[in-house]
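Peer 1: Residue numbering for the sequence shown follows our numbering, beginning at 102 and increasing consecutively.
Any given hint could turn out to be false.
What the hints assert, rightly or not - Quick list of the computed label-pair ranges, beta carbon to beta carbon:
id, residue 1, residue 2, range
1, S226, T152, 15 to 25 Å
2, S301, V347, 47 to 57 Å
3, T234, T152, 18 to 28 Å
4, H222, P174, 53 to 63 Å
5, D157, A240, 17 to 27 Å
6, E354, R300, 39 to 49 Å
Stated by the list, open to error - Below 16 Å or equal to it, Euclidean Cα-Cα: the simulated EDC-like pairs (lysine to aspartate or glutamate) are:
id, residue 1, residue 2
7, K123, E163
8, K254, D157
9, K254, D192
10, K258, E269
11, K355, D252
12, K123, D218
13, K123, D192
14, K123, E155
15, K254, D268
16, K254, E121
17, K321, E354
18, K355, E269
19, K123, D157
20, K123, D252
21, K258, E155
Honestly, the hints are just simulated from the structure, not real lab data.
Quick caveat: nothing in here was measured; it's all calculated off a predicted structure.
Each residue gets a CB set at the ideal place from its N, CA and C atoms; glycine is no exception.
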Amino acid sequence: MRSLVLAAVLLLPRLGSADEVKVAVIPGIVVNIDAARVDALTQELAEALHTELEVDATGGVEVRRRLPREGLPPDCVANQACITDVAHRLDANQLLFVVMIDTGTGGAIQVDSTWIDPVAHRSASRPAIDIATIADARARFAAAAVQLLPDAKVRPKPAPHIGRMSDEIPRHFTLPAYVTAGAAVAGLGVGVTLGLTTRSRYQDCEHQVPMGIACSTNRKDSIRRLALLADASWAVAIGATIATAVLYSSSAEKPRLIVEPTPGGAAVTAVGSF
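Model the full assembly from the supplied sequences, consistent with the hints where possible.
Peer 2: As structure tokens, then:
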């Protein structure tokens, strides 16, 4: 019984690995393209397949290093013995033989490919990929990934990034708060000055009464005006002080979601409180 359990445990990794799709991108016939450029393109193709599909893809220099030094025979894609040997060398259960041709029009390249299942002995030609410039290769390969391996699962894309949370802002003096605070100080200063001036002039009038000298009507009106201005200044100081306190107490901000543009899409989020 123990031996059966041990055998089952040992077989689990093999069963899991059997479901894993391992694809090797193999350069076949190449026309007017140097080896370094071919390796770069096959590496780009392998990376695009891995990014778009749930496959483990190999290409580029790694593939060339494992293949025979003398290269593959021209008819390898149709030779079962050669296909089996290549699959064994690259530890792959699917092969993608590619033919690359420099069309001679400003560096444009045409890539034809043949998909092969070395175990089931199945093969199929895939649609050609036209690459106008080498910079477009990755995007063109990514767009054609599903056509090259239609049976592979598409790799799930990460959830779209719709924004970020802002930092929490503690209470602080804002520009309006500084303005109202300045108005409060100015109002207080003017109110004190006018109040003292009013008191001084009123006392002068009071001191003249025992001497039989009465304050003139103009002087009394002047004292009243100064008193009103002093009261108004005090009112401004009090109002500005209250406004400063309100602005300061409401200056704190809680973290909130900031909506940002996303590549290939847009998102709108409404945030509110009651």
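Peer 1: Hint by hint, say whether it matches the structure.
Peer 2: Tested hints:
1. Hint check: S226 to T152, Cβ distance near 24 Å, so the stated range 15 to 25 Å holds.
2. Against the hinted window of 47 to 57 Å, the Cβ-Cβ separation of S301 and V347 comes to about 36 Å, which falls outside the hint.
3. At roughly 20 Å, the beta-carbon separation of T234 and T152 lies within the given 18 to 28 Å, and the hint holds.
4. As the Cβ distance of H222 to P174 is approximately 18 Å, the hint placing it in 53 to 63 Å is violated.
5. In this structure, D157 and A240 meet the distance hint of 17 to 27 Å, their C-beta atoms being roughly 22 Å apart.
6. Between E354 and R300 the CB atoms are about 46 Å apart, so this pair conforms to the stated range of 39 to 49 Å.
7. Taking the CA atoms of K123 and E163, the gap is near 14 Å; set against the 16 Å cutoff, the hint holds.
8. As the CA atoms of K254 and D157 are separated by approximately 12 Å, the hinted pair is consistent with the 16 Å bound.
9. As the CA atoms of K254 and D192 are separated by approximately 20 Å, the hinted pair breaks the 16 Å bound.
10. For the given pair, K258 sits about 31 Å from E269 by alpha-carbon distance, which is inconsistent with the 16 Å threshold.
11. Distance restraint check for K355 and D252: the Cα-Cα separation of roughly 49 Å exceeds the 16 Å cut-off, and the hinted pair is therefore not satisfied.
12. Distance hint between K123 and D218 is fulfilled; the C-alpha atoms sit about 11 Å from each other, no more than 16 Å.
13. Taking the CA atoms of K123 and D192, the gap is near 8 Å; set against the 16 Å cutoff, the hint holds.
14. Distance hint between K123 and E155 is fulfilled; the C-alpha atoms sit about 10 Å from each other, no more than 16 Å.
15. Taken as a hint, the K254 and D268 pair is broken in the structure, with Cα atoms around 40 Å apart against an allowance of 16 Å.
16. Between K254 and E121 the CA atoms are separated by roughly 11 Å; this keeps the pair inside 16 Å, and the hint holds.
17. Of the pairs offered as hints, the one joining K321 and E354 is violated, with about 53 Å between alpha carbons and a cut-off of 16 Å exceeded.
18. For a cut-off of 16 Å, the pair hint linking K355 to E269 stands: about 5 Å separates their Cα positions.
19. Taking the CA atoms of K123 and D157, the gap is about 5 Å. The hint holds against a cut of 16 Å.
20. At most 16 Å may separate the alpha-carbon atoms for a hinted pair to count; K123 and D252 meet this at roughly 13 Å.
21. At roughly 11 Å between alpha-carbon atoms, K258 and E155 fall within 16 Å of each other, so this suggested pair holds.
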